[in-house]
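Protein chains in written order, with my numbering: chain E, 479 to 1176; chain S, 2 to 386.
I should point out that these hints are in silico values taken from the structure, not numbers from a laboratory. Quick caveat, the model's predicted, so the values are computed rather than measured. Hints may be right or wrong, so weigh each one.
To be verified - Facing chain S, a subset of chain E residues (Cβ under 10 Å, in silico): (1) ASN527; (2) MET673; (3) PHE1081; (4) ASN1096.
Stated by the list, open to error - The calculated label-pair distances, taken between Cβ atoms and stated as ranges, are: (5) ARG1072(E) with THR127(S): 16 to 22 Å; (6) GLN906(E) with SER47(S): 39 to 45 Å; (7) PRO335(S) with ARG1072(E): 45 to 51 Å.
Claimed, not checked - Away from chain E, derived, C-beta distances all over 12 Å, residues of chain S: (8) ARG34; (9) ARG39; (10) SER47; (11) ARG48; (12) SER56; (13) PHE83; (14) LYS89; (15) THR127; (16) HIS231; (17) ARG327; (18) SER368; (19) ALA380.
Idealized CB from N, CA, C, for every residue including glycine.
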Amino acid sequence: MAIADRDSTETERPSTKRRATAESMATQQRSISVSEFFSKNRHLLGFDNPRKALLTTVKEAVDNSLDACEEAGIVPELWVRIDPAGKDRFRVAIQDNGPGIVKKQIPLIFGKLLYGSKFHRLRMSRGQQGIGISAAGMYGQLTTGKPVRIVSKTAAKKPAHYFEIQIDTKTNNPEILNGKGEGIDLPFGAAGEKMMADLAIEWESEIPPDFASAEGAVPAPLESGTRVTIELEGIHKRGKGSVDEYLEQTAIANPHVTIRYRDPDGNVMEYHRSTRKLPPEAREIKPHPYGVELGRLVTMLKDFPGGTLSQFLTDSFSRVSPPVARAICEQAKLSPRARTKRIGREEADTLYRAIQETKIQNPATDCISPIGEELLLKGLRQVVPGEFYAATTRPPSVYRGNPFQIEAALAFGGSPAVQKISFDLLSQLLDESDARTLKQFLVATFDGMGPDGAEKIMRESRLGTRQSVAKLTEPERKRLFDAMRNVNLADGQSMQVLRYANRVPLQFKLRDCAVTQTIMGMNWRPYGVSQSRGSLPGGPITVMVHVASVWVPFTSESKEAIAAYPEIEKELRLALQTVGRKLGVYLKKRQSIRQEGERRNVFLRYLGEVAQAVNKINGTDAKVVYDLLMKVAKKKTSEADVQLDERGKAIVEETEKEYGGGVLIVDQDVASVEKQLLERIARRGTVSEIETATDADE
Amino acid sequence: MAKKARRPAAPVTPAAPAVELSEADHRTLGTLRSLADRVVEGAVASRPPHLDIPSRSLGNVRFNKAKRFIEMGSGKNRRELFNLAQAKAYMQTMLVASGCKALVEQGKSTSIRGMYYLLKHTIAGTKEETFDEQADCDPIIEDVEVALNTLREELHIYAQNKGSIVGNLVFRDSGDEIDCSRMGSGGYTIPSIVEPNVIQFLKCDAKFILHVEKDTVWRRFNEDKFWRKHNCILTHGGGQPPRGVRRLLNRMHHELKLPIYCLLDNDPWGYYIYSVIKQGSINLAYESRRMAIPGAKFVGLRSRDFERCELSPSVIIRLNDQDIKRAKQIAQYPWFVDKKPWQKEIELMLRNGFKLEVESLISKDISYVTETYVPERLAEQDFLD
């Protein structure tokens, strides 16, 4: 007891013995390399989980390729290929027809974090920091131990360079593994081809003809380009946040791009460009004084090669003319002729405040290249089926000295494909389907059909959810067909939001994004759309929003959601209101046309009855009376048709006036819907594969 | 539809010659046929078919002061086949016409409910019924009546039998001789169709007609053999009298020259029954000629009867808001507005704030109404006109 007591008192007494000394601690203290930091904090760069890692890798490579092509003025042609490489391992290869990379730069670009051309300039581009692709390579290296493999070629007659690179995570430097640390040159011609075959290097050497090529055009040889191959641990799944979704959405916002995608199951999906016109080249601009923070200002002052304060201001910033510079200096009570080297910390602070207080013209906004209304409509239409499309491009605006521009497009899909197909096509699809259950068949075959919608149809048709597709009898098929027509699938469907920043789709953090928040905060009901308070509107609507800026404000480095600056929110609201209004006009018009159609049906319905009644009273042949009445009816309704046509024509003519442009209306006849459906199914591959993916998503 | 439509049509052709058609029937068939002919003619000339149906609303009736009954105006509603709102009604009108034609040809008649079932079927190629319920069919039948300017009975359609008659009167009904003085306690049920081709008066000793509102009061009078004592005819119409009752009253009044006295409740409803018997109803304004009895008199009950007959306060019924509204409305009818006694009568009821049923007189004595009240009124000639 006594001993125990003494022990406890001793432990309670503050220990005089230091656990560590400053000196011993100093031995532990050393610099952390960026690479090390990110290898431990991979979620910051979008490598949180294996599924996302696969997507991020594809995404970084595709974004880089597109940036490179556009900067070089080449119409982008992309190959994306994901091959399984063992359990939960994939080999991802992305090739472009871009300008290629000079030999010296290849190791640095792919083997060093924070190395790139985009960070130091203010220019609208997909990538911003120069972390992405090297981080993807590092992730692959960490999870599989395999190096990043790069093939790059800068001109038709020049050799291609082949590198196998690893990042030294301690020093953040590239290590070249092949060719004795020098890489290998693959000469032009047959010799190079043989070497490629020997080294098992994959390379797309020609571009297949596209829509604009003449009939019977032959593939064009690929003159330049880069292919990067990364092996990594990942999980491949379809659905939300998948590679498939990313590529599809990329195709929408980049109608000038062709992407050929081969997924791990060997299905090939091709997104063809609808235009060969490249977006106008984005100009690089100097930062605007309002957008510069104090720390940055200090660094810029330090880095300025020497000269007067006035020179510094006019040279480093946009919209600062000598008189403006003088005004800033006056406000800061500094001499315009003061040497920048002599500006101290405190003076920098006063200068910073003076900048904020001086009235400076907004930055030039021609540095942004929006997609444009026409291409927005084209792109959206290619991927989202619908009957009405509207798009708008807002004039550029500025937040914190950064120019930005908002674009919004909207697709309104009438009745989904499920309600438009014929019984014959349904039978055919049922025969061809290898889905295990009817529910899976419905979900996998029809776009916009969720499990809920499928359930509804099954209930209506009184068929069990586990009903096997192969065993459906003819009457059961008929019942299914009727149910598909009668069930209202629009119920409970909510708006799809596609978000883009500098043409790159944002697939995560939907709720955190300023775009979504703005949509939810708006009142959509006046546009004829249902919406419960503070949530996304309902109905078969897809909204696409593009935020273009020299510096897109993201909420985090993984670039998944746009931060809510009041200026950006305001522009978002205005853009969305514009397309919303157009939809409202269309919906109202559609309503009145539908009523006209009903009118005709009502007449026809009763003609037979009237003819029979007449026959019974005066014995006139009912058929004769019916035909006569039918003739009158046709005359009557053709008058109505003329009116309709006038209206229809009026739509074409008055589109500009009524909608203010930026509108596309698609006639949804049965044939075109069926064709679209078949095309989509063909592009997607077999049903059973999709079905397993959807199962997993649930 | 085709299947159903042919079924009644098939037996018509062979059966037709067996039925002997009256002159009226021939006339009806003629008008029905011309209705159908117009459709064919119009269709041949590729004109959209339409029907002009006289309007049966308050706006299209007026009070004929000379004749002292309500007449239908000349307002017509056009019903078009190729009009979204009217297409179905047009079709239904033609159906009713064809149904009537079948009835007339077969020499049969049916109730309005029967007509509804005769014509109800699913329209070919749709899930729609020709008539959803009887309420859809009834106004269409009336439309056909007015459009063709024919009577319901001429179309071989009748309403439910309602109302009874007893008294010193002998007539023939469909060939059977009916002596209304030998009808026991129940009386003779007044048929829906009482036109001269159905009912012929044979002998009448009665001096007047007493029409009471409802069955209970009528029974009291019958049990007390009031009609024998006062040599009259006793009728009731079960509340608002149907066409058969009104037409029979009209015929007896005009053909047998019998005055008519009405014993109705002292409430707006009773006033309105009297108004319909006397001047005709708005809905059947086109029938007023045959139905209205401008000479009918109102015996009671009167607003002053509570005091005059020293009734117990327990028998009064308070007027509700609707009663008051209705009373004021009736006071404004053109055929009441100029009649001071009626204005006073209604005013007094409103001032009293209560209404009285004929049955309330029973509180004095079971036979007070038959032995005291009505004989006194008749003796005093105390009526409202």
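These are the hints, each one checked on the structure:
no.: 1; hint: ASN527; result: violated (53 Å)
no.: 2; hint: MET673; result: violated (74 Å)
no.: 3; hint: PHE1081; result: holds (5 Å)
no.: 4; hint: ASN1096; result: holds (4 Å)
no.: 5; hint: ARG1072(E) with THR127(S): 16 to 22 Å; result: holds (18 Å)
no.: 6; hint: GLN906(E) with SER47(S): 39 to 45 Å; result: holds (44 Å)
no.: 7; hint: PRO335(S) with ARG1072(E): 45 to 51 Å; result: holds (48 Å)
no.: 8; hint: ARG34; result: violated (5 Å)
no.: 9; hint: ARG39; result: violated (10 Å)
no.: 10; hint: SER47; result: violated (5 Å)
no.: 11; hint: ARG48; result: violated (7 Å)
no.: 12; hint: SER56; result: holds (23 Å)
no.: 13; hint: PHE83; result: violated (5 Å)
no.: 14; hint: LYS89; result: violated (6 Å)
no.: 15; hint: THR127; result: violated (6 Å)
no.: 16; hint: HIS231; result: holds (51 Å)
no.: 17; hint: ARG327; result: holds (39 Å)
no.: 18; hint: SER368; result: holds (56 Å)
no.: 19; hint: ALA380; result: holds (58 Å)
Violated hints, listed in ascending order, are 1, 2, 8, 9, 10, 11, 13, 14 and 15; each of the other numbered hints is respected by the structure.
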